[in-house]
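Asker: Sequence:
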Amino acid sequence: MTKGQIVAADIAALLRARNPLLWVTTREEARVERFLVEAGAAAQYAVRAWDCDQGIVEYREGGEKPMPGAGNLNDPRDALMWLKARATGSQADRCALIMRDLPVWLAGPPGAVVLRSLRNLARLLPTMPRDRAQAIIVLTPSGEVPAELAGLATVIDWPLPDREEVAAIYDAQIEVLPDDLKAGAAANGTRDAAIDAAIGLSGKEAGDCFAKSLVQLRKIDVPTIAAEKKRVITRERVLEWMDPLSGGLAMVGGLDALKSWVKMRTMAYSPAARAYGLPAPKGVLLGGLPGNGKTLLAKALSWEWSVPLLKFDLGALKSKFVGESEGNMRKAQNVIGAIGRCVVLIDEIEKGLQGATSGAADGGVSADALGSLLSWMQDRKTEAFIVATANNVEALPAELLRKGRFDECWWIDLPSPVERAAIINVSLRQFKRSSDAWKGAELARLVDATEGFSGSEIAALVPEAMFAAFADGAREITAGDLLEVAASVKPLSVTAKGKIDALREWAKGKMRPASSASNVVELRRAAAPALDL
4 MTKGQIVAAD
14 IAALLRARNP
24 LLWVTTREEA
34 RVERFLVEAG
44 AAAQYAVRAW
54 DCDQGIVEYR
64 EGGEKPMPGA
74 GNLNDPRDAL
84 MWLKARATGS
94 QADRCALIMR
104 DLPVWLAGPP
114 GAVVLRSLRN
124 LARLLPTMPR
134 DRAQAIIVLT
144 PSGEVPAELA
154 GLATVIDWPL
164 PDREEVAAIY
174 DAQIEVLPDD
184 LKAGAAANGT
194 RDAAIDAAIG
204 LSGKEAGDCF
214 AKSLVQLRKI
224 DVPTIAAEKK
234 RVITRERVLE
244 WMDPLSGGLA
254 MVGGLDALKS
264 WVKMRTMAYS
274 PAARAYGLPA
284 PKGVLLGGLP
294 GNGKTLLAKA
304 LSWEWSVPLL
314 KFDLGALKSK
324 FVGESEGNMR
334 KAQNVIGAIG
344 RCVVLIDEIE
354 KGLQGATSGA
364 ADGGVSADAL
374 GSLLSWMQDR
384 KTEAFIVATA
394 NNVEALPAEL
404 LRKGRFDECW
414 WIDLPSPVER
424 AAIINVSLRQ
434 FKRSSDAWKG
444 AELARLVDAT
454 EGFSGSEIAA
464 LVPEAMFAAF
474 ADGAREITAG
484 DLLEVAASVK
494 PLSVTAKGKI
504 DALREWAKGK
514 MRPASSASNV
524 VELRRAAAPA
534 LDL
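For reference, each letter of the sequence shown is one residue, going 4 to 536 in the numbering used here.
You can trust all of the hints, since none of them are fake.
Here are the simulated BS3-like pairs of lysine-lysine, each with C-alpha atoms no more than 27 angstroms apart in a straight line: (1) 262 <-> 511; (2) 285 <-> 266; (3) 266 <-> 314; (4) 500 <-> 354; (5) 262 <-> 314; (6) 233 <-> 222; (7) 314 <-> 207; (8) 384 <-> 266; (9) 262 <-> 513; (10) 215 <-> 233; (11) 384 <-> 233; (12) 511 <-> 354; (13) 6 <-> 384; (14) 406 <-> 384; (15) 285 <-> 384; (16) 285 <-> 511; (17) 354 <-> 233.
Treat the hints as calculated values from the structure; they're not laboratory data.
Whenever a hint applies, use it, and build me the whole structure from the sequences.
Answerer: Written out as structure tokens, the structure is:
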């Protein structure tokens, strides 16, 4: 069964149990109504719909038709009174009325009468005989339920299409193609890749992506679908699509223990590992000093695993409107769940949760965000790999650090001498420069000159040296250029020594070191073969 069919089965059970008011949150009105009609039929309810333009309509073959005897009921209160008359009358079938535009009629003083009518009806309907059972299904993009309905409405967040449903949408698009295009699409051999690329979109968005690709290129093109998916997810404003780090883990200097751990967990995604019963990795918490590769690692993993990288910005989800922050959080979690395999970056998580444990005057929004995040991280079944970063690890809630939220919590300190050499070489490769002509002694002086530097401070030396070399006749940079730039840097380890020492002390015994001394030979070979450290 697809996720949609599972939720439809739940709604059928709720209708059979005489729940009078269902509040269904979705942006996909047409798609969800098809499931609701099936759910109603399974519970022996005739499903009708109301909106402020058409009044009450029936679902018939060929489309929606006005409901006989319903008259012109464009006002929502009239529609509710129509439903009440059916419940209290002697001759009526069981009916579930989908109300499409209702929430806008419930707001403010003008909506007080409609809101009261809805509350009264929701209390009345469960008392009616079973053969005249009636129910109300509110269909809305917003999960914000009026406080007056909190104890009466059953809220249902409708999921985005899963892989099976997206596959059906894909096949439907191919089926209606002319024979020449259909043969080309089949020969393209990209069905599975195209379906994977469309996961995380709504049903309509997935269909539109497939159609756009066919119109523009006369075939289903995976990069076209991925580009459209990026645009759609960016539009939602609950997640940010990020570009991966070209080259993957090879472009991250040092962190040998963390890299070895990641490579071992990568095997869990293989078919053999699934058959063995290995669970999918949940993610890591990376704590440590700023500028030492925490965010870079998330970008490298996205490249290494060839999966999307999404930024989950907790602070950006907060809203001044009551209930909207929680709705944004749920929407982001639902999108992540629908996408499947991906890397999710929660950058500087301690700032996003600031106030969750210190009684912030934000109406409990931060505390609610922490509770929602912890529950989701503990219970989720998706293959999303979370990379949460934190600079001020002391501010992290204790609940976040326990096993089950993350697979491992890592501490990333200032780079060691061998790691500083590796970072210099990585940065040189990034800017298409080489240190092959340098002698070991020159690189050793550079490593000594960058004692106490963070990874980002070391990486920044190369572009700064390139500016100086370009101004001096566009020559190649030398070790001397890098040494001169390094001499002008006041590293963070000097300007914030007290805070850094306190963070290191806090991390002892709580977080696992991301660098080890047991793999020096491999790091030495990768960093500087001639360097004697």
